[in-house]
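Engineer: If you want the building blocks of each chain, they are given just below.
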Amino acid sequence: MSTTQFTKENTVFQPVDVLQKALVSKQISSRELTQAYIDQSKKVDSKVGAIITPMYEKALAAADLADKRIQSGESNPVLGMPVGIKDLISTKGTETTAASKILKGYIPPYNATVIEKLEKAGAVLISKLNLDEFAMGSSCENSGIQKTYNPWDLSRTPGGSLGGSAAAVAAGECPFSLGTDTGGSIRQPASFCNLVGVKPTYGRVSRYGVIAFASSLDQVGTFARDIRGAASLLQVISGEDLHDSTSASLAVPDYTASLGKDVKGLKIGVPKEYFLEGLNSEIGTLVHNAIDTLVKNGAQIVEISLPHTDYAVATYYLCATAEASSNLARYDGAHYGYRADNVTNLNDMYFRSRSEAFGEEVKRRIMLGTFVLSAGYYDAYYLKSLQVRRLIQQDFLNAFKAVDCIITPTSPIPPFKIGELTDDPLHMYLADIFTVTASLAGLPAMSVPCGFTAGSKLPVGMQIICPPWQEERLFQIGYAYEQETSWTKEIAAL
Amino acid sequence: MSEISPEMIKKIASLARLSFADEDEKKIGSQLNEIVSYVEKLNELDTKDIIPLGNPFDIGKELRADVPVESLSTSDALMNAPLSKFDHFVVPKVI
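Those sequence lines, one after another, are chains G and V.
With my numbering applied, the first sequence corresponds to residues 1 to 494, in that order.
With my numbering applied, the second sequence corresponds to residues 1001 to 1095, in that order.
Please keep in mind that the hints were generated in silico from the structure rather than gathered at the bench.
Hints may be right or wrong, so weigh each one.
[What the hints assert, rightly or not] From the derived model, a few chain G residues whose C-beta atoms are all more than 12 Å from chain V: (1) Ser29; (2) Leu65; (3) Ile70; (4) Lys272; (5) Thr315; (6) Glu356; (7) Pro412; (8) Gly442; (9) Leu443.
[To be verified] Covered stretches of chain G, going by a simulated chain V footprint (3 or more residues, C-beta under 8 Å): (10) 362 to 375; (11) 383 to 393.
[Claimed, not checked] Derived CB-CB ranges, DEER-like: (12) Lys1010/V / Leu494/G: 42 to 52 Å; (13) Tyr378/G / Ser1030/V: 15 to 25 Å; (14) Ile1051/V / Asp39/G: 51 to 61 Å.
Cβ coordinates follow ideal geometry from the N, Cα and C atoms, glycine included.
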């Protein structure tokens, strides 16, 4: 439990559980809390650029409804709490763009299941947040709408694809936010913005209404300033959905019940392939220090090998782009979204709408994916990548026979300068090296703040990976570490 | 494998329903070739008899009961149409 008491100063940076208790004890109303986040958003977003579509009027109306429910004695971890939403998740009646010109002006006629769940629980949806276009990118520089800047250093990226969701929480524009993670899109920005970011096991959360990038990799996850916040938001959205046949019918445990359990005897797998000589030395040191903190609390280190790690980026960029090229075929100017002017025939409509409205990175990935699936190349590239994917998953499942969790750095590099990698797509792809593996294997994984670089004070995160369906264990370990440190209490000076 | 030729790039673009200006086509050709030569490393691995992994935990193979349920109304479905008439999406002439 947080020992922090609620104060009306710096409201927007307080931990989620403190705010939730303050709502229940009527120290603050949901309307006042929502207004505080609206005020902060108006104050800082011109510098940060996280918000594509504010939802302030709807938010205040939802806050009033939440206040009525709180008055009548109801409580749950998200009731009355503002939540930011990555603009890749369909919100009925509110523009949802995927940060692409091709969906500018698109208003979903239905809610994603995760949104339905949030609204039913009384959460207050406050803004649609920026991302790389169609979630394709590692820096938020590929957004077709606007740029987002890292609140810790406005000349640097907040990470991608969920730069907006991370920057918004780091800048106090919302207490927690929803995102999606396909190859690291939650974990890497969490690491870059000093936040907790979690991607659950593939199948734990419904993908219905989530604009698809790669259907066998996409998962909805959460960002928050601390473990309890991330866990309580994930709790609300988890569970089987009849609209998503890939969602698991497994019961969802109480994720927060494991918080406070010790880590005595916990076996931490440290894979040598993630700590090779070329790793940024500050990042290596901070992550090793974090592991040592857990060891001081009773955990044990077990050196392991995940031998196919070096093939993960290649595997990911083949199967993810193949799936993306198929998923993005629906954007054709016919039913919704951008249609080019004065189209003369059907082909003209398809070619021009897509070419005029898709950004460069999206087109690049569609081209790569189309090539990989085309006749004569399918076996050599796509099928091969899925076979290597099996080997990568096997590496993890074998490792988990001997260890309870695996800890690695989240990103091989600290937050980079805007523009630094934009002309070098391959280098940008290699920045995903530590996060794509858990995505390929479908495993639950979370980035937790573990320190800052010395000179420029840039955030660094460590990644915890657990066996399938063990989100509780992720949170248990992260929380045990968090209790021994105070990284999550740091606030970006804006 | 050998490079992706400019003709192949044109063919892929056509399949993807994308058109590029000449310099953009050259640029994307060379970027794709760089990526493709990087992914060649997968050929270092012997994957004979390895079953491809398309769905991490094989969830979703069962079919649900064949019971009709409500879906989007016509007006909702047409809500974002660039052009619609008589409850249909309108597109340029096909023939």
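Engineer: Taking the hints in turn, state whether each one holds.
Structural biologist: Taking the hints in turn, this is what the structure says about them:
The claim that Ser29/G is not at the interface with chain V holds, since no C-beta of that chain comes within 12 Å of its own (minimum 34 Å). Distance check on Leu65/G: its Cβ is at least 24 Å (rounded) from any Cβ of chain V, clearing the 12 Å threshold; non-interface status holds. Residue placement check: Ile70/G keeps its beta carbon more than 12 Å from all beta carbons of chain V (closest about 32 Å). Remark: the non-interface label on Lys272/G is consistent with the geometry, its nearest Cβ contact in chain V lying 19 Å away (cut-off 12 Å).
Not every CB of chain V lies more than 12 Å from the CB of Thr315/G, the least distance being 7 Å, so the non-interface label is violated. Not every Cβ of chain V is farther than 12 Å from the Cβ of Glu356/G; the closest lies at roughly 9 Å, contradicting the non-interface assignment. For Pro412/G, the requirement that its beta carbon stay farther than 12 Å from each beta carbon of chain V is met, with the minimum near 16 Å. Not every CB of chain V lies more than 12 Å from the CB of Gly442/G, the least distance being 3 Å, so the non-interface label is violated.
With a closest Cβ-Cβ approach of about 8 Å to chain V, Leu443/G is found to fall inside the 12 Å limit, against its non-interface label. Counting residues of the region 362 to 375 of chain G whose CB lies closer than 8 Å to any CB of chain V gives 8, so the stated coverage by that chain holds, three being the minimum. Beta-carbon proximity to chain V at under 8 Å applies to 10 residues in the region 383 to 393 of chain G; the threshold of 3 is reached and the given coverage holds. Taken as a hint, the range 42 to 52 Å holds for the pair Lys1010/V and Leu494/G, whose Cβ atoms sit roughly 48 Å apart.
For Tyr378/G and Ser1030/V, the Cβ-Cβ distance of about 23 Å falls inside the hinted range of 15 to 25 Å, so the restraint holds. Separated by about 55 Å at the C-beta atoms, Ile1051/V and Asp39/G satisfy the suggested range of 51 to 61 Å.
Hint compliance for this structure: hints 5, 6, 8, 9 are broken, all remaining hints hold.
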